[in-house]
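Visitor: Using the hints, position chain Z against chain P.
Protein chains in written order, with the working numbering: chain P, 3 to 287; chain Z, 180 to 505.
None of these hints come from the bench; they were simulated from the model.
This one's a predicted model, so the numbers in the text were calculated from it and none came from an experiment.
Careful: at least some of the hints might be erroneous.
Said to hold, decoys possible - Taking CB as the label site, the calculated pair distances span:
| # | chain 1 | residue 1 | chain 2 | residue 2 | range |
| --- | --- | --- | --- | --- | --- |
| 1 | Z | R363 | P | P42 | 51 to 57 Å |
| 2 | P | P59 | Z | A369 | 33 to 39 Å |
| 3 | Z | R363 | P | G112 | 55 to 61 Å |
| 4 | P | P42 | Z | V367 | 57 to 63 Å |
| 5 | P | G111 | Z | P185 | 18 to 24 Å |
| 6 | Z | D356 | P | G148 | 43 to 49 Å |
| 7 | Z | A311 | P | F147 | 41 to 47 Å |
| 8 | P | T53 | Z | L322 | 38 to 44 Å |
| 9 | Z | I492 | P | S145 | 29 to 35 Å |
| 10 | Z | A353 | P | D50 | 47 to 53 Å |
| 11 | Z | V367 | P | P59 | 53 to 59 Å |
| 12 | Z | K249 | P | L189 | 42 to 48 Å |
| 13 | P | D280 | Z | A274 | 44 to 50 Å |
Backbone N, C-alpha and C define an ideal beta-carbon position, used for all residues, glycine too.
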Amino acid sequence: MIAGQAERARRTLGGPAVYAALAVIALFVLVALLAPVIAPHDPFAQPDAATQANLAPSGAHLLGTDRYSRDVLSRLVFGARVSLGIAALAVGIAMTLGTAVGALAGYAGGWTDRLVTRTVDAILSVPRVLVLIFIVAAFPHLSVFGLAIMLGLTGWPAMAKVVRAQVRETAAMDYVLAARALGVRPLGILTRHVLPAAVPQILVAATLAVATVIPLEAGLSFLGLGVRQPTPSWGNMMLDGADFGAHTWWLLVFPGMAIVITVLSINVIGERLREMVDPRVRASR
Amino acid sequence: MTRLRPFLLARAGHALTVLVVIVTLVFVLFRLTPGDPFLARSQEHATEEEHAAFRARWGYDRPIAVQYVKWVGNFVSGDFGWSHSAQRPVREVLATAFVNSTLLMIPAFVLGWLGAVALGTWQAFRQGRWLARASETVAIGVLSIPDFVMALAALWVFAFRLRLAPSGGMVDVALHDSLTLAGRTADVVAHLALPALTLAVVVMFAVSRYHRAAVLGVLHEDYVRTARASGAAESDVVRRHVLPNALGPAIAVAGILLPGMFAGGVFVEKVFAWPGMGRTLVDAVLGRDFELVQAIVVVSTVAIALGSALADIVAVTFNPRVQLDT
Numbered sequence: 003m004i005a006g007q008a009e010r011a012r013r014t015l016g017g018p019a020v021y022a023a024l025a026v027i028a029l030f031v032l033v034a035l036l037a038p039v040i041a042p043h044d045p046f047a048q049p050d051a052a053t054q055a056n057l058a059p060s061g062a063h064l065l066g067t068d069r070y071s072r073d074v075l076s077r078l079v080f081g082a083r084v085s086l087g088i089a090a091l092a093v094g095i096a097m098t099l100g101t102a103v104g105a106l107a108g109y110a111g112g113w114t115d116r117l118v119t120r121t122v123d124a125i126l127s128v129p130r131v132l133v134l135i136f137i138v139a140a141f142p143h144l145s146v147f148g149l150a151i152m153l154g155l156t157g158w159p160a161m162a163k164v165v166r167a168q169v170r171e172t173a174a175m176d177y178v179l180a181a182r183a184l185g186v187r188p189l190g191i192l193t194r195h196v197l198p199a200a201v202p203q204i205l206v207a208a209t210l211a212v213a214t215v216i217p218l219e220a221g222l223s224f225l226g227l228g229v230r231q232p233t234p235s236w237g238n239m240m241l242d243g244a245d246f247g248a249h250t251w252w253l254l255v256f257p258g259m260a261i262v263i264t265v266l267s268i269n270v271i272g273e274r275l276r277e278m279v280d281p282r283v284r285a286s287r
Numbered sequence: 180m181t182r183l184r185p186f187l188l189a190r191a192g193h194a195l196t197v198l199v200v201i202v203t204l205v206f207v208l209f210r211l212t213p214g215d216p217f218l219a220r221s222q223e224h225a226t227e228e229e230h231a232a233f234r235a236r237w238g239y240d241r242p243i244a245v246q247y248v249k250w251v252g253n254f255v256s257g258d259f260g261w262s263h264s265a266q267r268p269v270r271e272v273l274a275t276a277f278v279n280s281t282l283l284m285i286p287a288f289v290l291g292w293l294g295a296v297a298l299g300t301w302q303a304f305r306q307g308r309w310l311a312r313a314s315e316t317v318a319i320g321v322l323s324i325p326d327f328v329m330a331l332a333a334l335w336v337f338a339f340r341l342r343l344a345p346s347g348g349m350v351d352v353a354l355h356d357s358l359t360l361a362g363r364t365a366d367v368v369a370h371l372a373l374p375a376l377t378l379a380v381v382v383m384f385a386v387s388r389y390h391r392a393a394v395l396g397v398l399h400e401d402y403v404r405t406a407r408a409s410g411a412a413e414s415d416v417v418r419r420h421v422l423p424n425a426l427g428p429a430i431a432v433a434g435i436l437l438p439g440m441f442a443g444g445v446f447v448e449k450v451f452a453w454p455g456m457g458r459t460l461v462d463a464v465l466g467r468d469f470e471l472v473q474a475i476v477v478v479s480t481v482a483i484a485l486g487s488a489l490a491d492i493v494a495v496t497f498n499p500r501v502q503l504d505t
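Looking at chain P on its own, in the form it has when it is part of the complex (with noise of 0.2 Å):
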């Protein structure tokens, strides 16, 4: 029965799917890392905003231009830049806080558990965009630099709890009990017996929180509180194309593929490492 099961998922989510989803992932990444060498134009440069604006995809621009005459392919590559490098820092700042954090109260236990665990909760229980929105608001000329590193503060409280999880059922181990006779000090235990343990899970609630965040930066950004004009991010160039009136599809459909694609691929891969991780998910489906 769950032998079937588990077939199932393979087909469902397994093999093509995670291929092709890994495959976008590193070519998007590729493209961020080569973008002034791939983009076909300066993102920045408006040859003629009078006869050049708003033109239709065509030989010369590909992907057509924006109201100011911007080639759209550039700025979605230097914007793929952007919108993945926001990604990788806040993940990085979030993942290296959370794991701090989510070690530091499941190996502690007692009241020092409790309250981060409540602090925990009542974080994750008001939405993330708030109090993103109320931070741009304190904060009105936050760099990109900036807002990653605001991003990556906001996400930590997700992290924390899953390696606070792990870390309380390792902790109970017989190995760490008999390292803590040998006497092996606290932290040394926590880095060399505990955490090492909790890798898997870290991994597959940062891959989760890649998908988190860059819905989240690019929705900031298209309220026009993230990136700011003219630095180009998937986001805020649909802001530009929000605009129906001028019927410019072009300007909204390929950075909205851009981020769906992304997030969709993010989401196979996580779904997938999760399966693999923890057998329980892979038996419940």
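Guide: Relative to the frame of chain P, chain Z by itself:
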């Protein structure tokens, strides 16, 4: 009810923690803001008296602890400040926006939730068939579409291409005042349809996964087999034996869903120009109306904390087997 008391206390404690954490965070950030938001603005237009009145109302001249208490006190007593962008008390701006958001959220939630129960049940019963498998793949796809992208797509297709719905706002500004009561209601419903349905789709796919898993869990129970063996019609099996035992997670998840719905609401309201809390918040940030921003953040948090607590209590009352995790 005695059994519930520790749970209710713990739940109230949680809601209170949320409020304290967020209100404190808002206060701290408010104080951290370089200069103060009013100072920056006052250099442009506010008079010296306005500035002094502002400082006195928020108690800027007092020690920080006193300021904190005073600041919280102002909120508790209903003094949310003055909205510079609307030129009205913040309380009045909020009252309208809150009603409008509720008008959008409730139908969206009810439709989405019912859709999720229907979809999840169907997927579980057809588990493994190609159409059910395809629908599960579609669900992962839909969950990968950010709310604002979905809203823009709906707006583009249904309002601009097919012209089935108005393109935004809450009423037809040119016509609304000349309509009868029935006509006005129809006008609001027409404007509500597209944003509410968009949000409902998001809710539906978010909840259906939990419900599908719950139905799958129940489907193999002995009492379902007994019901079938005794010749009960399949519709009776679903209605009388499967659903009552499988609805727990779908109800429990409603409380977790509320923050997500609020977040989705911000984007959907912005795209469809629906004059609710989300759009008011975004416009307030863009317009540097900081008193309005902080009031919306505090009021939304209170609403979400109360709503989630209520949803949890309903879930526990509905399904006594839910673990009272305190």
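Visitor: Each hint should be assessed against the structure and marked as holding or not.
Guide: How the hints compare with the structure:
Between R363(Z) and P42(P) the CB atoms are about 53 Å apart, so this pair conforms to the stated range of 51 to 57 Å. As the Cβ distance of P59(P) to A369(Z) is approximately 34 Å, the hint placing it in 33 to 39 Å holds. A beta carbon spacing of about 60 Å between R363(Z) and G112(P) agrees with the range 55 to 61 Å that was offered as a hint. Our hint of 57 to 63 Å for P42(P) and V367(Z) is violated, since their Cβ atoms are close to 48 Å apart.
For G111(P) and P185(Z), the hinted distance range of 18 to 24 Å is satisfied, since their beta carbons lie about 21 Å from each other. Range check, D356(Z) to G148(P): about 46 Å between beta-carbon atoms, so the 43 to 49 Å window is met. Taking the beta carbon of each, A311(Z) and F147(P) are about 46 Å apart, inside 41 to 47 Å as hinted. For the pair T53(P) and L322(Z), the supplied restraint of 38 to 44 Å holds, since their beta-carbon distance comes to about 43 Å.
About 44 Å separates the C-beta atoms of I492(Z) and S145(P), a value inconsistent with the hinted range of 29 to 35 Å. Hint check: A353(Z) to D50(P), Cβ distance near 38 Å, so the stated range 47 to 53 Å is violated. Separation of V367(Z) from P59(P) is about 39 Å and departs from the stated range, judged on CB atoms against 53 to 59 Å. A hinted range of 42 to 48 Å holds for the C-beta pair K249(Z) and L189(P), which are about 43 Å apart.
Take D280(P) and A274(Z): their Cβ atoms lie about 46 Å apart, and the range 44 to 50 Å holds.
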